[in-house]
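*Asks:* Place chain R on chain D using the hints.
Sequences listed follow chains D and R, in order. The first sequence: position 608 = 610 (my numbering), numbered continuously. The second sequence: position 29 = 41 (my numbering), numbered continuously.
What follows is a list of derived Cβ distance ranges for each label pair:
{"no.": "1", "chain 1": "R", "residue 1": "F187", "chain 2": "D", "residue 2": "F484", "range": "38 to 48 Å"}
{"no.": "2", "chain 1": "D", "residue 1": "A595", "chain 2": "R", "residue 2": "T319", "range": "42 to 52 Å"}
{"no.": "3", "chain 1": "D", "residue 1": "S594", "chain 2": "R", "residue 2": "F187", "range": "19 to 29 Å"}
{"no.": "4", "chain 1": "D", "residue 1": "R494", "chain 2": "R", "residue 2": "A107", "range": "55 to 65 Å"}
{"no.": "5", "chain 1": "R", "residue 1": "Q304", "chain 2": "D", "residue 2": "N500", "range": "19 to 29 Å"}
{"no.": "6", "chain 1": "D", "residue 1": "L705", "chain 2": "R", "residue 2": "N88", "range": "35 to 45 Å"}
{"no.": "7", "chain 1": "D", "residue 1": "Q550", "chain 2": "R", "residue 2": "M92", "range": "19 to 29 Å"}
{"no.": "8", "chain 1": "D", "residue 1": "F342", "chain 2": "R", "residue 2": "Q310", "range": "57 to 67 Å"}
{"no.": "9", "chain 1": "D", "residue 1": "L472", "chain 2": "R", "residue 2": "E273", "range": "29 to 39 Å"}
{"no.": "10", "chain 1": "R", "residue 1": "R191", "chain 2": "D", "residue 2": "L705", "range": "22 to 32 Å"}
{"no.": "11", "chain 1": "R", "residue 1": "M92", "chain 2": "D", "residue 2": "A595", "range": "38 to 48 Å"}
{"no.": "12", "chain 1": "R", "residue 1": "Q310", "chain 2": "D", "residue 2": "Q205", "range": "23 to 33 Å"}
Just so you know, these hints were derived from the structure itself, not from any lab. Remember, it's a predicted structure, so these values are computed and weren't measured experimentally. Glycine is no exception: its CB is placed at the ideal position from the N, C-alpha and C atoms.
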Amino acid sequence: MSLRPWSVVSHQWSEVVKKFEPQPLGSGLSNADFGMRSIRTSTEIRNPYWSCPLAYARGSEFFHTFSVLRGPRFVIFSWIIVLLLAGTTYAKDENYRFTLDFGYRWKSEVRGSEDLYRSQWNYGEGPKLFASDLVIAAPQGSNLYADRFELKMNSWGGEPYSTGQLRVVKAGIYELRFDYQNVQYFNAIPLFANPLFGQGNLQTQHKYDSSQRVSRLQLTLLPGERISPFFAYESAGRQGDVRTSLIADGDEFLLHSHLDTHSDDFRFGANFRLDKFSLLLEQGIRWYRDDTPFSASGFQGGNSSRKIFDRDIVLTHYFGKNNVDATVPFSTGVAAYHPFDSLLLRAKVTYSNADLDSSFSDQLAGVFFSLPLAAFYPSGGQQTTGAVKKPSLFGDFSIEWQPLENFRLLERVNVRRFHVAGTALTNSTFAPMEPLLQQGIIDRLQTARSFDTFLSLDFDSQELQGLVYLTPKLVVRLGHRFERKEIEIGERRSWDRNILIAGAAYDLSTRNRIAVDYEFGRTSEPILRIDPVDFQRLRLRGRLSPLQSLEVNGSVTLFHNDDDTAAIDFTSRNRDYSVQFNYTPARRVSLSAEYERSFIHSNILFIVPQTFLSDRSIFRERGDFANLFLSFLLARGTTLSLGYSVLGTVGNFPIGYHRPSAKLDIPLGDRFAAYAQWNFYDYNEKLNLFPQDYGAHLVIFGLRVTLEKR
Amino acid sequence: MRGRTGELQVKRSKEEVIRVGESRDGWLPPAGGKNDVLTSSSTRSAICSFFVAITFFIFTGAPRGQDQKQPEKVGNEICMSCHDMEPVFSRTAHAKQECENCHGPGSAHVEAGGDLSLSFKVKPAKLATSQCLSCHLQKLKPQTWDTAAFDRTAHARGGISCVSCHQIHPQRPNFGLMRSEERELCTSCHASTRSEFLKPYHHPVMEGAVKCTDCHTPHGEDTRPHRRLVVATEEACVSCHSDKKGPFVFEHAAIKINGCETCHQPHGSVNAKLLRRSEVHQLCLECHSRTQGVTGAQPPAFHDLRTARFRNCTICHREIHGSNASPIFFR
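Next up, chain D with everything else stripped away, as it sits in the complex (with noise of 0.2 Å):
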């Protein structure tokens, strides 16, 4: 089954309302009916934090205020002003890049399973602009309006990702900084869940067709050396189809939807300098609406085949809508003090109070079955009111004192605090019962259940290190770091960790160095049950040039951890070593490559939900990775491009992949260059009972345009 487009399922929806006309649930019923006005209360008196005034403001009335600037609308008004600043940015000795790359993508039929290639890659036919930069710089003060542009565009015309990103800057009057990211996120992927997966029935019951959009603008005014004040906004949405599951009642049925949520921040503040002091306040409030609805309609016959006293259970008509409205106000403040040469001290405190309400409500039609009310019932509903409330505090002191020439002391005290206290209730209706036991006794039920709950973490770190120069280019440090972390939900929990820190770092120029970072941590009891408790962490990273034309890159990185707990018995084996060369041995050749392996290795006791028992979770990966790029210059300034890029794994999820890749680049003169590429994706998944390969060629002509005034 497909994704049906939402203006189908909405008209459909409609004449289904039409038809069946909901029990009204709750009816009359507001939220101070329902409790809500004496739950906030105690939710208020629970969270004894200072709130900001902004937090009174609410969110729908903000919310709707700024619409107009929402979506697409707020992109094609940014980027007039954009432009109107490119313009305006021309100076005569200004100098300038320009480079535009764009072209025509043809796709080769997916050979295998499309959904996971679209799941992974996504990339599509048609044409496209690849990437765009443009940076303009003017002598300071030599035009009215703008000093420096940079402006930078990637994968425009359908890509599954498309960013741009703008900086202008006028010295000494503003930097204006935009961003904009659209990712296209689908995934498909086949659930080994589905019941019909062993006959073959490769349909997911997650499907999500949606894009992510995000657009941050932030200027700051540059008024003078002792302060900058800054104004931000950022927006954030995410919309698309969605194919998702319905539990009713001992069965699952497929809904659809369409996702709408959307955050909006703003934020204001000021950079205050001084000779040896600076501060940077922040005030901010953040806006998140979802109003995402789910359908249904038709008949479905659900996951499970079973009948229940000989009748099958079935779905026909199903429509729930989220209404979730939150408003997060919140503060920062960081500050830093330079009195010596030897001594800075910096702090940085994050406050915030996010404030949430929310209403679900669904109606849903067919034949249910309730296990614990012994009936049957043709239709239901349920309409649940909640708010909840988040206090939440950041706070982050350092000391760096440098006593001696040779040794630096490093002091740090990192503190956060959180709590959620939330409340609901829920109305829930059945009608009419067919009760099994007592034919005719109840007609229709109604249950309202309430619910408080409450989740706070505490933690706390310390950390204090010794740095030494032995000489001026090789360090070590010692330290030492205690964790507290303490949570409650239902009952308190707490752990407290102590951790050896060890490292070395020598830098012998900027192409030859190697660091070396080493932790031993003991922690007294788990919170959850895969916490390390007693672990150790290496890393260890080198860079080394022996030849101008060679640089070698590698790492080694392990993590070990054991927990002996009885019931636990937790081993954990991370590794992964990886080198990298590149190698440019004449003009007309160069070389790079790397290789990564990588171990994972878990072992943990769990209980078997059916029997009780305990079994063991074992899960292993091997992966060998395998990078190779050439690159050669032809006749006339053509380049060559040959790669090929190989991941293996063996363990739990054994796959093949890899990509091979082409590339002849043609220079057209100084400022043009034509350039064809050829990549080719192929997945295969070694040990599923219906493995979900692919394999897809990737064509591309394109042309590059290079204008550029140094």
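*Replies:* Relative to chain D, chain R alone:
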């Protein structure tokens, strides 16, 4: 009596040390345990020797360059007589500075006929960084972009200086004085991370849609490892995945306690949805197995893993990141 008492006290204190180790509440690992290498006498001797050597270096290390003749400033004109600056450099804010404000007095360099002593390429990272921070230390920026915390980062400790990533004298107009594209620059050292981004499921960093600095703070850190916090003290993930931010009436506690990485591998994975395990039920049950004193509820017995329906937990528990309507994340 005193002697005996003293012996008893020593003995008792030894017993206490062993008990603390065995109870796993303290710092010392259990005797004979997997990590007892740190408590063996030879290791203790090595550690003591290390501390003695370090202390010796701290207090006897000769101040560097004390005996050398202090060089003097020569002025920009002298510098420019040998060094041609690209015109594009004059368009950057650094062009307002005298050469010697950053590179130091140049008389010795001139007398030596132009040696490399003033080049930041061969200076120790700490010295190069200090020079930049002498101006940039004061520039606090929101969302942890301030450089005041740079010296305590893993970058600084690992010998990375500002000029490792930034090109102060650009050859051509570039973005943020970066030496190259951000993704290329970061992965030139973080090679294993680069290979993670080339796995079948990955965040689109190499495709250019997401930048390393969207999630990490190379100049300063709030949390390890260089993790960026976004507004309201939340981690960077929810900056894009705003629908997972909440708060929710019914929170999935694991996310709040240990973050998104409890279940996901953020850079890349061979498992769908960047999960840490290839099968969802394996991932869930590693936490959700009833254990005394540990958070994580046990699924009821009707969750028969032999049936395909129950092996993908998120089919029913679809709102697994948090829900406002269902305590067990159904709606």
